Structure formats: structure tokens, C-alpha cells
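For the record, the sequence lines run as chains U and S. Each residue of the first sequence is one higher than the one before, counting from 1 in my numbering. Each residue of the second sequence is one higher than the one before, counting from 1 in my numbering.
Heads up, some of the hints might be wrong.
[Stated by the list, open to error] Derived lysine-lysine pairs resembling PhoX-like cross-links, with alpha carbons at most 25 Å apart:
#1 Lys236/U - Lys61/U
#2 Lys57/U - Lys236/U
#3 Lys84/S - Lys205/S
#4 Lys457/S - Lys423/S
#5 Lys120/U - Lys85/U
#6 Lys316/U - Lys84/S
#7 Lys147/S - Lys73/S
#8 Lys57/U - Lys407/S
#9 Lys205/S - Lys276/U
#10 Lys407/S - Lys423/S
#11 Lys73/S - Lys61/U
#12 Lys407/S - Lys325/S
[What the hints assert, rightly or not] Pair ranges (Cβ atoms, derived):
#13 Pro204/S - Lys316/U: 49 to 55 Å
#14 Arg141/U - Pro363/S: 36 to 42 Å
#15 Glu403/S - Ser18/U: 28 to 34 Å
#16 Asp16/S - Lys57/U: 38 to 44 Å
#17 Gln94/S - Ser18/U: 54 to 60 Å
The set of hints was computed from the structure by calculation and includes no laboratory data. This one's a predicted model, so the numbers in the text were calculated from it and none came from an experiment. Beta carbons: idealized from backbone N, C-alpha and C, even for Gly.
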Amino acid sequence: MPTTVPAYGKEAAGRLASMADVTASDGALRRFLHGLPGVDAVGLQARAATLGTRSIKTTAKAYAIDLAISMIDLTTLEGADTPGKVRALCAKGIHPDPTDRGTPKVAAICVYPDMVATAKEALTGSGIHVASVATAFPAGRAALPVKLADTRDAVAAGADEIDMVIDRGAFLSGRYMTVFEEIKQVKEACRREDGSYAHLKVIFETGELQTYDNVRRVSWLAMLAGADFIKTSTGKVAVNATPPVTLLMLEAVRDFHATTGVQVGVKPAGGIRTTKDAMKYLVMVNETLGDQWLTADWFRFGASSLLNDLLMQRQKLGTGRYSGPDYVTVD
Amino acid sequence: MSFEYAPAPESRAVVDIAPSYGLFIDGEFTEAAGGKVFKTVSPANEEVLSEVAQAGSEDVERAVRAARKAFEKWSALPGAERAKYLFRIARLIQERSRELAVLESLDNGKPIRESRDSDLPLVAAHFFYYAGWADKLGHAGYGADPKPLGVAGQVIPWNFPLLMLAWKIAPALACGNTVVLKPAETTPLSALFFADICRQAGLPKGVVNILTGDGSTGAELVAHPDVNKVAFTGSTEVGKAIARTVAGTDKKLTLELGGKAANIVFDDAPIDQAVEGIVNGIFFNQGHVCCAGSRLLVQESVQDELLAALKRRMSTLRVGDPLDKNTDIGAINSAEQLARITELADAGEAEGAERWAPSCELPDAGYWFAPTLFTGVTQAHRIAQEEIFGPVLSVLTFRTPEEAVAKANNTPYGLSAGVWTEKGSRILWMANKLRAGIVWSNTFNKFDPASPFGGYKESGFGREGGRHGLEAYLDV
Chain U
1 MPTTVPAYGK EAAGRLASMA DVTASDGALR RFLHGLPGVD AVGLQARAAT LGTRSIKTTA
61 KAYAIDLAIS MIDLTTLEGA DTPGKVRALC AKGIHPDPTD RGTPKVAAIC VYPDMVATAK
121 EALTGSGIHV ASVATAFPAG RAALPVKLAD TRDAVAAGAD EIDMVIDRGA FLSGRYMTVF
181 EEIKQVKEAC RREDGSYAHL KVIFETGELQ TYDNVRRVSW LAMLAGADFI KTSTGKVAVN
241 ATPPVTLLML EAVRDFHATT GVQVGVKPAG GIRTTKDAMK YLVMVNETLG DQWLTADWFR
301 FGASSLLNDL LMQRQKLGTG RYSGPDYVTV D
Chain S
1 MSFEYAPAPE SRAVVDIAPS YGLFIDGEFT EAAGGKVFKT VSPANEEVLS EVAQAGSEDV
61 ERAVRAARKA FEKWSALPGA ERAKYLFRIA RLIQERSREL AVLESLDNGK PIRESRDSDL
121 PLVAAHFFYY AGWADKLGHA GYGADPKPLG VAGQVIPWNF PLLMLAWKIA PALACGNTVV
181 LKPAETTPLS ALFFADICRQ AGLPKGVVNI LTGDGSTGAE LVAHPDVNKV AFTGSTEVGK
241 AIARTVAGTD KKLTLELGGK AANIVFDDAP IDQAVEGIVN GIFFNQGHVC CAGSRLLVQE
301 SVQDELLAAL KRRMSTLRVG DPLDKNTDIG AINSAEQLAR ITELADAGEA EGAERWAPSC
361 ELPDAGYWFA PTLFTGVTQA HRIAQEEIFG PVLSVLTFRT PEEAVAKANN TPYGLSAGVW
421 TEKGSRILWM ANKLRAGIVW SNTFNKFDPA SPFGGYKESG FGREGGRHGL EAYLDV
């Protein structure tokens with residue numbers, strides 16, 4: 001029995017506007033963020049572990065595998081990326097399993113800004129989005145004008161989604177308003193000439209934020225600033241997405257929706273490599289947010305190697321036998 | 001389309017239940033002298049699992065005599081030797097844990113998730129823990145060379161059949177006592193499997209004896225003149241009767257009885273984790289837990305927020321087949337217990353409390369009760385005073401810490417309590433004020449063999465677990 005969060009609809013705009021008070025000043029923002037309910041680490045981890053013991057079999061597994069594939073932001077973020085490599089990845093995103101054309105497409109291809117045009121061209125007509133990490137990814141250590149230029153570049157090249165990193169230094173030193181303003185400005189930089197916006201995913205790098213209380217605060221901070229998605233990590237540090245951190249972000253999204261009526265998506269990234277891991281995340285979404293979030297519009301996996309494991313498990317369900325790494329493509 | 005979990009049942013094939021079982025006396029399975037038997041059923045579908053012997057006074061006599069005879073040698077063994085047997089039992093429990101978990105879920109109705117992840121690991125841990133004490137009794141603080149008491153007569157309940165057995169038998173054997181144990185009438189099977197484990201471990205004959213039967217068997221056992229120590233876990237009513245029986249004799253007695261624990265949530269609590277703690281506190285093991293957090297005391301200022309979160313969370317609980325690995329809430333243990341829960345819940349409604357339960361389909365056969373919440377409860381309501389022993393939570397409110405303490409302590413019971421707040425000083429202040437044997441802070445229903453457990457007031461006396469648990473089985 002999945003829960004569904006009630007939709008607030010009409011009232012949403014008003015409620016969000018009434019939240020403007022809390023971002024009126026540095027002090028107000030600090031008081032609000034520090035007034036959020038605390039997080040008990042032991043309890044949070046225990047809940048995430050319990051959700052991880054759900055046993056997903058047969059029809060539920062088949063459903064979850066296809067769902068997970070459709071939620072993947074298939075990613076290549078290497079200094080050595082070439083147009084050829086990006087094109088190969090795009091081809092794989094369109095037809096993840098060449099032996100089974102019924103396999104769902106991935107949600108997006110995620111690349112550095114200079115590869116956006118290449119990816120956009122390779123994905124023409126596929127419906128797959130191009131996501132790009134901008135704002136001096138992954139460290140975020142550049143002047144704001146540089147970050148904004150980075151973002152505008154990616155959007156101009158055709159990026160449908162921008163994955164920005166926050167200034168962790170500012171956040172950890174308590175300069176919440178700096179982070180808030182930066183997210184707002186990047187969101188504005190996501191504006192296209194026709195007035196529409198590229199989707200903004202805000203990356204926290206939760207491994208660097210250290211405490212769960214920080215994760216809840218930064219989640220609210222980003223959502224108040226207009227994030228369309230909140231994302232755990234860059235995949236470039238030692239600790240990336242973990243089940244407890246993702247669960248906490250899902251809870252923040254749930255509470256934000258209940259308060260403002262605004263729906264925000266969640267994207268765990270980094271370190272999710274196996275079908276079993278992916279199932280655990282889907283169970284967390286299902287039992288925390290419900291059906292409404294169980295689509296690629298509201299939940300994504302940031303991953304590069306997860307897809308092949310999903311494909312192998314999918315083949316196993318179809319044939320009853322395990323194939324092996326040579327039965328899926330390496331791109 | 002929604003994400004529906006397909007059934008994921010644990011295989012029954014891992015456990016081989018015989019059509020009938022005798023009593024375990026002096027290392028052998030034997031029939032009851034009176035030849036009487038009774039059936040044990042699976043509460044999830046009312047299927048008869050097996051037939052077990054009903055022990056009468058002659059059988060009690062035989063078992064106590066066997067235990068008395070075995071006591072001479074067993075108590076004379078060096079502690080390290082007794083430890084070897086206990087370690088062996090602990091390892092056998094681990095090796096056979098899947099089988100035992102399935103058996104426990106079949107006979108008791110509890111979800112396999114709990115018998116597999118909570119009960120069995122704790123059962124093994126208790127034997128390991130007390131095995132470690134067996135050769136260190138001189139360092140436990142009860143004198144240089146404390147002596148065992150003799151024959152222990154132990155009567156355990158149906159809510160955690162194997163775990164309660166471990167709580168009773170492990171410290172008794174570690175201290176050098178021998179044991180006659182009577183498991184509950186509705187859940188005798190895991191104790192009989194344990195008897196087999198004792199044989200497998202090569203435990204000397206007569207050290208552990210298992211008598212199945214009903215209340216009359218238990219009454220015979222605790223009244224037997226050659227029993228030196230009585231240990232009972234169960235209802236307050238039966239506990240009082242036992243206390244009367246034992247009064248005036250030189251038997252040592254420990255009682256672990258009912259509870260009506262307060263789970264106190266302050267306005268600065270970690271709300272999401274508090275909700276988990278509330279759910280775990282009252283719906284764990286279908287609420288068949290003496291230390292269940294059956295009274296939720298919530299600070300008025302966060303009442304609405306907390307109740308909304310709690311209802312949302314309760315809606316995700318999965319009730320059904322105990323052997324399904326995705327089941328959160330299993331079956332009520334017996335028809336009698338279901339009737340009692342139903343009667344008390346109805347009384348709650350009749351007395352004006354507001355009843356709420358998530359919509360969930362309950363199976364047709366077997367004994368089932370949906371997780372239920374009562375709001376607008378006052379101290380004057382029966383559901384705030386009496387132990388329900390089922391998945392029914394009563395919600396009361398308070399405004400100040402003093403009021404929370406006063407309400408929490410305003411009960412004949414005092415087994416456990418929970419405090420939820422981010423303020424450390426308040427946790428310590430509350431822990432000092434609450435009259436309960438165990439106070440959990442920012443968590444609930446956490447057990448560990450090293451941690452003593454027991455009650456105040458009508459929740460009984462004596463402690464089980466930890467170093468304190470040794471005292472009940474030593475002549476100190």
C-alpha cells in the first residue's frame with residue numbers, strides 16, 4: 001500500500017509565497033533552517049536499513065527493473081571524454097539492450113557542458129534529455145560570474161537539465177544566504193531565449209556536509225531557492241549517495257510538498273551499481289513518497305555502471321539464466 | 001501503474017514439524033503419564049501444526065526429579081566446562097536459525113522479518129553472552145564464589161517463545177542451575193526444537209527439561225516443593241497468583257509482567273525518527289510486547305504534525321502472511337487474544353476516544369487485527385489504563401515536562417518508557433523521574449543481552465539480562 005501525498009494544487013502558489021518571509025534575511029533563513037526537526041542518525045539509518053530488506057521478486061522485480069532503467073541519467077564525466085564516447089553512450093541510452101528492443105530508454109545522458117551539443121545531436125528525436133553538470137563542477141570553486149557563464153553555455157548548447165553544485169564552503173561556514181542567492185541566480189541562468197527554463201538539479205555533495213542535520217537544511221534551502229531536483233552528490237568524492245541520506249532528502253521533499261504544494265524531484269548519484277541497490281532506492285521512494293514520485297520526472301539515478309547490471313538481471317528474468325558481462329555492451 | 005510487491009514467502013520446507021511431540025524429560029522425549037495431548041495451530045490460518053503432550057503432576061514430578069539429579073554434576077562442573085555447552089548451543093542456534101525462524105513464525109504468527117532479524121539473532125546472542133559469564137561468576141559482584149540455587153522452574157509466554165526461553169535458560173545454566181521450563185500453550189514448538197538442540201550439543205541429561213501444557217502445568221511446576229527458583233514472564237494476573245503460591249516458601253522468585261509504557265514525544269523531537277519509534281514501539285510483534293509503547297504522550301504543540309505523519313506511516317504497514325518477507329504485521333496469536341483486543345478497542349470507542357485505522361485487507365482465515373490508533377484518549381479511559389497486548393495505540397497529550405512525567409507514571413505498571421527530544425539534559429532529567437525499568441531515548445524496543453530488563457510496580461521485580469540477570473540464579 002503505497003502512500004500518496006495529497007496534492008494541494010491551487011493553494012500551492014500562495015503557500016510558497018508565504019514562505020518568502022523565511023528567506024527575507026540571513027537571520028530569518030538561519031532561524032528557519034535551524035528550526036527544522038532534528039535528525040536522529042541511529043533512527044534514520046535503521047529505517048533505511050529496514051526498507052532495504054524488502055524482498056522484490058518476480059513481477060515486482062520486472063516492473064522495478066524497467067522503472068529503474070527509465071530513471072537513469074547515464075553519465076560520463078571524465079576529463080578524457082571524446083565526442084565518440086559521448087555518441088556511443090547516447091546510442092546505448094536509446095537502445096540499452098540491442099537484443100531486446102522492448103527495453104526502456106534511459107531518462108537522460110549526463111555530460112560536461114562542452115559535450116552538450118554532441119549529445120543533443122546524437123539524441124535527436126529520441127526524447128532522451130541531455131543533462132549537463134555546470135557551475136564549475138565538481139568542486140564549485142569559481143567566481144559566481146564564471147559559474148553563471150558555465151550554466152548559460154550549457155543551456156545555449158541545448159541542455160535540458162542543469163546539474164549545479166553548491167558552494168559547500170559557504171554552506172558549512174553558515175553563509176546560507178550566499179548559497180540561496182547562488183542557486184536563484186543559476187536558476188535564472190537556466191532561462192532560455194523563449195522564456196522556458198532548463199530543469200535545475202542542485203547537487204549538495206552530502207559526503208562533504210557530514211551531518212544529517214546539514215542535509216535536511218540544505219535540502220530545504222535548495223527547494224526554497226527554486227531547485228527542480230535535489231541531488232546527493234557529484235560521484236567524484238569518497239562518500240556519495242547512501243540510503244540514509246537519500247531517505248532524508250525524500251522526507252524533506254515530502255514535507256516541502258506538504259507545506260508548499262510544490263513537487264521536487266530527487267536524484268541519488270554515485271556508487272549505485274547493482275540492481276539490488278537500485279531496488280532499495282525504489283522501495284524508499286515508494287514507501288516515503290508513493291506513486292506520484294515513481295517516474296523519471298521525479299526520481300533519477302545518477303549512474304554509469306548501474307545500467308549493465310539492470311540489463312543482466314532483466315535478461316535473467318526473461319530467460320531464466322544468467323548471461324554475463326559479454327552479453328551487454330560496454331559503452 | 002504502481003509498485004506492488006509480489007509475494008515473497010519464505011519456504012516452509014526448511015522446517016520439519018512432526019505430527020506429535022512428547023515431553024522432554026531427562027534427555028528423552030516421552031509421552032505424558034496421563035496420555036493427554038493438545039493441538040497447536042498456526043494463528044495465520046488456523047492450520048493444525050502438531051499435537052503436543054499435556055504434562056500432568058506426575059510428569060512435573062519426573063522432570064523436577066531429573067533436574068535435581070542432574071544438578072549435582074552440572075553445578076560441580078568448572079564454569080569453563082558449562083560455557084563450552086552454552087557456546088555450542090549458541091552456535092547450533094545460529095546454524096539452525098532459518099529453520100527456527102520459520103518455525104517461530106508458523107507457530108506464533110509473527111512476521112518472518114522479525115523472527116529472522118530480531119528474535120533469532122538475540123536468542124543466539126543471549127547464549128553467547130551468558131556462556132561468557134559461566135567461568136567469571138566470581139567477578140560479577142556477588143561474592144568470590146557464588147553458588148547456584150538448584151532447580152529452576154520457568155514459565156514463559158507466547159509472544160517471544162524462543163527469546164524468552166533464552167532469557168530464562170542461558171543465565172540459569174551459566175550459573176550452574178538445572179531447568180524445568182514450560183513454554184506457553186499456544187507456542188510450544190520452538191522449545192521442543194530447542195530440546196533437540198540440547199541433545200545435539202551433548203548437554204548432560206536432565207539439565208534442561210521441557211514440559212508442554214497449559215496453565216495447570218505451570219501452576220504444578222511453580223508449586224513443586226523441590227523447585228528452588230521460580231521465574232515467570234507473562235500476565236500480571238498470573239504473576240500475582242504465582243507470588244501467592246511462592247509466598248512463605250524459601251523459593252527465589254522473579255516476575256516480569258505486563259506494561260503500559262509511555263512513549264513521550266517533545267516538540268523538539270526528531271519527528272521522522274519519532275514516528276518510526278512509535279510504530280516500532282507499538283506495532284512490533286503485533287503489539288504483543290510487554291514493554292510496548294502503547295501510550296503515546298505527545299506535546300500539544302506538535303500533535304497535529306506528528307499524528308499526520310504517524311497516520312501516513314501506518315498506511316504503509318503491510319499486514320498479512322507472516323511467512324512473507326515483506327510482511328510488517330502478522331497474525332494475532334490466538335482467538336482469545338483477538339477477542340480481548342477487540343473488546344478493549346470497542347471500549348475505547350464506547351468511552352469516546354476517536355478510532356482510526358488505515359484501510360487494509362485482512363485475510364479471511366486466522367486471527368487478525370488492523371493497526372489501530374486512538375486519539376482524544378484521557379487517563380480515565382480503559383485503553384489508557386489496561387494493557388491491551390495488541391496493535392492498538394492510545395494517544396494522549398501534555399503541555400509541560402512535569403505533566404508528561406506525571407501522566408507517564410500514572411499507571412499501575414512500570415516496565416519501560418520512551419523519550420523523544422533533541423535536548424540531552426531533558427533526556428537525563430526524564431530518565432531520573434520516570435518510574436520504569438528501562439527508559440529508551442530517541443529509540444524504542446532495543447534489546448541487548450548485556451542490558452538488564454525488568455519492571456517496577458505491577459510490571460514485576462527482578463532483572464533479566466546483563467550482569468544483573470545473574471543475581472536471580474545465584475545464592476546471594
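**Message:** Hint compliance check: list the failing hint numbers for this structure, sorted ascending.
**Reply:** 1, 2, 4, 6, 8, 9, 11, 12, 14 and 16
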